[in-house]
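S.K.: Next come the chains, spelled out residue by residue.
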Amino acid sequence: MNNLEYIKERFNQLPAVGENGLGVIRQKAFDALNTMGIPTTRHEEWKYTRIGSFFNKEFKYTAAHPTAITATDLSAVRLPGYEQANELVYINGRYAPELSVLRSKGLTVQPLQEAAKNEYKDLVSKHLGHSSDYLKDGINALSTAFVQDGVFVHIKKGQIVEHPIYIYNITDAREANVLAQPRTLVYVSENAQVKFVETFNTLGTQESFTNRVIEIIVEKDAITEYYKLQTDASHASQVATTHIRQIGKCVTHTVTVSLNEGLVRNNLNIVLDEQYCEAHLYGIYLQQGQSHIDNHTVVDHAQPHCESNELYKGMLDDQSTGVFNGKIFVRKDAQKTNAYQSNKNVLLAEGASVNTKPQLEIFADDVKCSHGCTIGRLDEESLFYMRSRGITEATAKSLLLHGFAMDILEQIKLDPIREYVDKLISERLEFDIA
Amino acid sequence: MNNELSAIEKTVLSDYKYGFVTEIEADEAPPGLNEDIVRFISAKKNEPEWMLEWRLKAYNHWLKMEEPNWANVKYEKVNYQEIKYYSAPKQKKKVNSLDEIDPELRKTFEKLGISLDEQKRLSGVAIDAVIDSVSIGTTFKEQLAELGIIFCSISEAIQEHPELVKKYIGSVVPITDNYFSALNSAVFSDGSFCYIPKGVRCPMELSTYFRINAEGTGQFERTLLIADEGSYVSYLEGCTAPIRDENQLHAAVVELIAMQDAEIKYSTVQNWYPGDKDGKGGIYNFVTKRGICQGAHAKISWTQVETGSSITWKYPSVILKGDYSQGEFYSVAVTNNHQQADTGTKMMHLGKNTRSRIVSKGISAGVSNNSYRGLVHVGKNAANARNFSQCDSLLLGDKCGAHTFPYIEVKNNTAVVEHEATTSKIGEDQIFYCNQRGIDTETAVALIINGFAKEVMNQLPMEFAVEAQKLLAISLEGSVG
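Taken in sequence, the protein lines are chains A and B. FYI, my numbering numbers position 105 of the first sequence as 105, with every residue one higher than the one before it. FYI, my numbering numbers position 142 of the second sequence as 142, with every residue one higher than the one before it.
Accuracy of the hints is not assured; some may be wrong.
Claimed, not checked - DSSO-like cross-link-like pairs, simulated, lysine-lysine; straight-line CA separation at most 27 Å:
#, chain 1, residue 1, chain 2, residue 2
1, B, Lys-346, B, Lys-167
2, A, Lys-397, B, Lys-380
3, A, Lys-136, B, Lys-74
4, B, Lys-399, A, Lys-249
5, B, Lys-321, B, Lys-352
6, B, Lys-399, A, Lys-327
7, B, Lys-425, A, Lys-368
8, A, Lys-47, B, Lys-380
9, B, Lys-399, A, Lys-332
10, A, Lys-47, B, Lys-321
11, B, Lys-346, A, Lys-47
12, A, Lys-368, A, Lys-336
13, B, Lys-425, A, Lys-327
14, A, Lys-220, A, Lys-368
15, A, Lys-327, B, Lys-346
16, B, Lys-167, B, Lys-141
17, B, Lys-74, A, Lys-47
18, B, Lys-277, A, Lys-136
19, B, Lys-352, A, Lys-327
20, B, Lys-425, B, Lys-74
21, B, Lys-346, B, Lys-321
22, A, Lys-336, B, Lys-399
23, B, Lys-277, A, Lys-332
24, A, Lys-8, A, Lys-57
25, A, Lys-368, B, Lys-352
26, B, Lys-280, A, Lys-332
27, A, Lys-47, B, Lys-64
28, A, Lys-344, B, Lys-380
29, A, Lys-332, B, Lys-74
30, A, Lys-344, B, Lys-346
31, B, Lys-425, A, Lys-249
32, A, Lys-336, B, Lys-425
33, B, Lys-352, A, Lys-397
34, A, Lys-413, A, Lys-423
35, A, Lys-332, B, Lys-425
36, A, Lys-368, B, Lys-399
37, A, Lys-344, B, Lys-352
38, A, Lys-157, A, Lys-249
In case anyone wonders, no lab produced these hints; they're calculated from the structure.
Pulled out of the complex, with its shape left as it was, chain A reads as follows (with noise of 0.2 Å):
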């Protein structure tokens, strides 16, 4: 049996629709994954990159016993300057309470099952899902078609969540293959601050594949920053969509950073649904061996006066590939627009490649909108100006390749994380920091 027709059966099984708030979102997404199937090359945003490989094989879709993950295993994983923060462990894409610490509080955590049918229910119906107006594709709809495992965020309003709220992803493939669809809705309030860092570990040496979604909705005058780590092992691969709307004059701000070794698709769409909003994502991602890494971006400028502002750079050594997709929509009435994008790459080996497409479409006349792109080598003057001051080849590549690193790093704002960040890339660069 085909791992698609796997899952669908397992839809089958759950509990019928109308049972809970959840179900007629779940039925229509699951028909959209019958009629759409799992994205081909021949799907213009999957162009470079397949996943249809993980669907002819076998992977087990099911909760593996939550005490299966010991505090030892969580240990392991856990992310530097945890002791000061939230943390919400997921496992194979269910969220574990047990393991999972909330220091901050008035911090709502909550199974979105029960979310639907609470207080929360009105912005759960508003907001869920909203991410499939971006994403034509089966996958997002097998995401959102599972979606009663999910869970729900809410910052109330004014509230200054000081601890960073960490985010594990943890697979357990110790057994057999896994797929792993964690989800999250999170609500950010008028006036509330919070920091989100995410991270993906799979655990074992079989072979895991993750389908992550998290919608994150901000109000007005708040201030979100959302951290995503992506270290995970060649056996393990992933799709992670992470779809922020702003619907107040707002900020946000996004850091993608990808060390994976396996296969990793980044879906991030920012919706800028009112005026004044700001926008800032940055990515870096540094690829070895097979790996392979696709950035999707969006950010659609809905409403006018509002600014964005993306820069993606990438390194890409043996016969890594790298994907760069970045779109910039300006509608009709969205007059005074600032958006700027720009994607640099740097070819390190003779195997690797890299396809990008830095893509605008503007609707609007009134508006400043550039980007640009750049792929090529590292700068034979300046490797010359070191070498003849006496600093080795290696020692003078690493140098510049984590110069251009820096701009990256330096928009990570959380000093444990961005000192963490830092240290993995030297050491794939071999670059001593001291």
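Given the coordinates of chain A, work out where chain B should sit on it, guided by the hints.
M.R.: For chain B alone, kept in the frame of chain A given last:
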């Protein structure tokens, strides 16, 4: 605001000065497309067997293909059975000199400002004029022949130089390439053929002039240009059509072949009828243009000024096969009213040390949509490939759209590829600056647009550049207040 509107209306009503119809009796094929029509066209042209077979192969392949819909344009699909695939101005006998050409036809070309008269040597341009489907006359033939340059209609070339045509036709754009090129291969009725022998620098600009005249026809011309080792040629192409309410199809194929050290410069000023201000009528311009730098140090340069057509779908490309070969693409695309343009280029870097440069300027006004779609591909073996692309868009008015779809694929780590794009409108400060110095707004806008397009205009041969600048002003007159 009121002033602005009336200005727009005024221009829209007065704009397209090439919209007349010439009353010439035409020899036509019945509308519709089937194998018999393909045979009919081939027989009319008295073509050899291999040509007919080639056409039929293309036709049979076309039947299996589907019309593509990926471009960023919306239009009513063409009914291929309603088009007349062959229409030729009726002529009693073969013309030997241009004096024998139908006077009505000559008048047409005079109206278009094209001199078919050999006396007018000052203009120094050799012209092959194609009306509806057939070439009606080529000037300066003898002088060119002295240098060994072959410049004639493609039908003539099929008769007289079959070995060259057989070798090169379909070698750059195979019949299976795309829907419209397959259609063209099956039914093309004429076009231009040019061969520049080894080491010859063509002393004058060669030019083709295309005109669709008859009603309900499609124009399917085919241009084949071969520059042998060390030669140089500059080639111009211009197009117009009468004003008609229905949409007419233009599906041409242009193939360029540059051998070692050869250089081809191909310039187009495209001014097909764009349709009226409500988007009614106009030409569908679905064209496949591609050149190949076959040998080392070859160079192909495309320059285009696109102001006409209701829909443009055109991607002049260069395959950089020879080492050290160069490709260039300079484009100004203007869309007004309901026009839609999806245009750009493809640069396929295959050889070592190949270089390419793309400069694209899009100007949108009215409710039009203007897209740049390009591909820069650097293959595994294309060491030290270099590309620079720049795509700028200018928006005039708040109802138009500008889109950029640049695809960049790099598979070699020694390649250096850069792309940059901007979108903006004409700044109030720029207009104010001009106004201050006594330049009225309309002139100021024309001035700024010309400055915006200058980088491309500079690439055009002189006579063309003047015409293109006027065209630009006419196409956009009154669209900015």
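S.K.: Find the hints from earlier in the document that the structure breaks and name them by number, from lowest to highest.
M.R.: 18, 19, 25
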